[in-house]
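Read off the chains here:
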Amino acid sequence: MDKKPKVAEKVSPAETVFQEPSILRDSTVIAPLVEYPIEVVVPKARQQTPAVGQRATRLDGRLHGLGQTGYIDDLKFQGMLFAKIKRAGVASARIKSIDTKEAEAMPGVMAVITGKDIPCNAFGPSLKDQPVLAHERVFHAGDGVAAVAAVTEQIALEACEKIKVDYEVFTPVLDPLESLKLETPGVHAPSANIYQKKFIKKGDIEKGFAASDHIVEGQFRTQMVEHVPLEPHATIAMWDANGRVTIYSTLGRITLGRADIASTLGIPISRIRIVATIVGGNFGGKNEITTEPVLALLSKKTGRPVKSTFTRPDEFIASTTRHPLIMDYKTGVTRDGRIQARKIRLVLDGGAYCSWSETTLSKACILSAGPYNIENLYAEAYVVYTNKTMTGAMRGFGAPQVCFAYESHMDDIATLLNMDPLDIRLVNAFNEGSISPTGQKLQSVVVKESLLRAAERFGWNGKGNTNGGAKLLPKENVNGNTVRV
Amino acid sequence: MWYPIGFTVAANPSSAVVKLDEDGTATLLTGTVETGQGSLTILAQIVAQELGIATDDVNVVSADTDATPMDTGAIASRTTYVTGNAARLAAEKVKLMLFDVAAPLLGVKPNQLEAKDHKIVVKGFPQRNMHIGDVANFARTVTGEPPIGSASFNPATVALDPETGQGKPFGTYVYATQIAEVEVDDETGDVEVLRIVASHDCGTPINPMLVEGQVEGGISMGVGFALQEEILFNAQGVQINPNLTNYIMPTSLDMPEVEVDIVDNYDPSGPFGAKGVGEPTLVPTAACILNAIYNAVGVRITSLPATAEKVFAAIQAKRDAEPKQITA
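The listed protein sequences derive, respectively, from chains H and R.
To convert, note that position 216 of the first sequence is 215 in numbering that gives the first Met the number 0; the numbers rise steadily by one, no gaps.
To convert, note that position 99 of the second sequence is 98 in numbering that gives the first Met the number 0; the numbers rise steadily by one, no gaps.
One or more hints might be untrue.
What the hints assert, rightly or not - With a Cα cut of at most 20 Å, we get these calculated PhoX-like pairs of lysine-lysine:
#	chain 1	residue 1	chain 2	residue 2
1	H	LYS180	H	LYS163
2	R	LYS167	H	LYS196
3	H	LYS43	R	LYS115
4	H	LYS206	H	LYS43
5	H	LYS196	H	LYS342
6	H	LYS440	R	LYS167
7	H	LYS440	H	LYS75
8	H	LYS115	H	LYS161
9	H	LYS200	H	LYS43
10	H	LYS299	H	LYS115
11	R	LYS108	R	LYS92
12	R	LYS167	H	LYS200
Since the hints were derived computationally from the structure, they do not count as laboratory data.
Only a predicted model underlies this, so the values are computations on that prediction, with no experimental measurement involved.
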């Protein structure tokens with residue numbers, strides 16, 4: 000991270016298509032990409048009534064297959080400029096000064112802005128703790144500190160390198176369990192590191208544990224992952240002479256995005272139009288604004304449309320990720336596998352900003368006990384700040400993490416009791432009308448049906464768990480152990 | 000596993016507008032953003048079902064704050080359930096307008112009519128019918144009321160008590176089971192997922208092909224989450240693998256054979272009984288793969304990802320801990 004990355008030449012999309020094989024370069028061999036007139040045969044399923052239940056193909060499927068889909072990066076406007084955002088590169092620091100003179104003087108650079116130019120530099124779906132561009136403090140290495148609009152992407156990148164930022168670097172807090180301790184300095188001091196808590200209390204767990212024949216404990220951890228959408232974040236902003244800004248964006252939540260842009264720029268929402276084009280994958284990572292207010296300001300300053308697309312490294316360091324979780328489970332069961340009590344503690348690594356952490360915390364806490372009838376339950380969940388990439392919405396909102404924990408834990412219990420993992424789940428699973436951990440009566444419940452159907456389809460041969468002993472399939476003759484679970 | 004549909008307690012409404020043209024085709028205006036999951040096709044199918052026309056007869060216009068009504072967004076697996084309900088209610092209003100216009104023309108009362116096969120027909124006497132386009136055209140040109148309907152929907156929830164967490168946070172939930180078969184090389188720790196059987200509940204499957212697509216896509220993310228993906232930081236808190244070369248994620252070569260089974264179910268609060276399936280598909284995958292690893296080699300990996308190094312180290316540790324036999 001000490002070496003400045005080498006700035007790559009911008010390769011146009013046409014060039015990447017014709018990179019190889021070289022036979023395509025021969026104009027006599029190239030076939031046209033689209034043959035006119037276009038004969039479109041509408042697939043039968045799209046023409047059938049009734050419509051529900053049909054295996055109808057998607058209209059955009061044809062466009063995607065032919066490479067005809069117009070994404071934001073394909074849009075061009077007259078006089079359009081390209082913007083790049085300079086990322087901090089340090090996880091926790093105070094900005095002492097930013098010198099943009101050399102960058103502004105470069106030919107081809109039309110505008111440079113920093114956090115001071117943002118009218119209201121704070122937003123967020125629940126806690127408004129996230130700046131559009133870093134204000135005085137940097138909280139994670141992907142924080143944007145300045146933005147440049149230039150006539151080409153290349154010049155914008157070079158200008159970013161010429162911006163000099165003087166930091167006072169602090170020691171970052173990286174371990175969520177460290178952050179949980181009250182002695183650890185606050186990442187967002189004076190706010191506490193634990194920024195949200197959720198609790199579920201049902202029944203009496205001490206009584207439940209007392210009534211159990213066995214008590215099983217386990218700790219499970221998950222990692223930080225990213226959505227990696229095929230299409231990175233992309234935005235174009237432009238104003239008209241009436242003071243209305245049109246923003247083309249990959250944003251998934253355009254109404255919320257409009258409200259955030261209005262509040263950060265200090266303009267009424269009626270002055271903002273957001274158009275989302277067909278998005279190449281979201282998975283939760285495109286649910287809040289990223290560069291939109293920055294581009295709107297650059298466009299206002301230069302009087303020209305401004306486009307910005309994230310590079311793949313930008314996607315990793317500057318967009319939201321999945322919350323890593325540390326999960327402690329303690330379950331009391333009777334000899335026949337029935338759960339009597341469960342105690343859960345969840346610690347979520349909340350990254351540098353709150354983003355969607357409150358929702359993730361709630362969902363993780365509510366779902367953490369699993370789809371099982373448990374009369375005595377205590378679940379506590381905390382989310383803490385760290386100086387790592389901000390954690391936000393990602394497909395599942397905490398469910399994949401807690402499911403990994405409670406289902407691994409369930410198999411551990413099955414092993415201890417020498418029970419079939421399928422049977423122990425059937426003993427405890429929800430039925431129609433069961434009461435959830437939050438006291439809700441559940442309807443259209445099919446946990447047991449899905450267990451039995453999957454087992455039948457798989458060919459589950461009962462008592463799959465053999466404490467790690469290998470069952471070699473007849474045709475298998477390699478060192479690997481292949482076993483049905 | 001179980002997974003909820005919609006936002007936790009908070010209002011997450013969707014609104015939709017449906018209008019019918021004189022050729023019997025409809026346009027749906029929705030604020031939702033298509034992110035690649037096929038939601039616009041699903042919404043077209045729901046509107047088409049309500050109006051008795053085909054999927055191809057519904058044109059969906061989306062994602063423009065100037066032109067389309069508000070939608071909370073394609074998040075929390077809510078589009079089919081919440082936006083779908085809004086679209087269905089809007090289409091129902093159009094249908095009732097058409098019934099009001101067609102009833103005197105067919106000589107019956109509006110509640111004796113139903114919409115199917117591109118026609119407005121009398122219930123129980125299908126020979127008496129009018130093409131839906133003719134009714135729409137009559138409404139526009141004679142009666143002077145072009146058929147258009149708008150509606151919104153929000154799931155009913157009850158706030159959670161801050162101390163005990165009791166309440167009704169979601170309108171509905173979906174359930175699923177996944178079973179994995181893996182092959183573990185006990186000399187390298189390498190794990191290969193051979194087969195996954197996924198049995199998912201989504202209420203009524205509006206489009207079974209798109210449900211299968213979601214399951215396959217979710218499983219691919221689950222395989223990555225279980226075995227490969229990890230963002231790594233150095234001691235200064237800077238990411239060391241922010242690129243696709245060093246952030247390992249599944250390719251088509253890593254995908255197991257996936258068998259999708261959709262559990263028969265019907266949720267009365269969803270559009271035509273449907274719920275949702277976007278996120279649930281990846282929730283159980285890591286768990287079933289890690290349980291399969293335990294079954295194969297007897298090591299319980301408690302932290303993700305279960306890389307070859309971790310599995311190998313665990314196998315070694317297990318072997319070292321076992322009492323050794325000395326053969327005479």
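List, from low to high, the hint numbers that the structure doesn't satisfy. Result: hints 1, 4, 7, 9 break, sorted rising.
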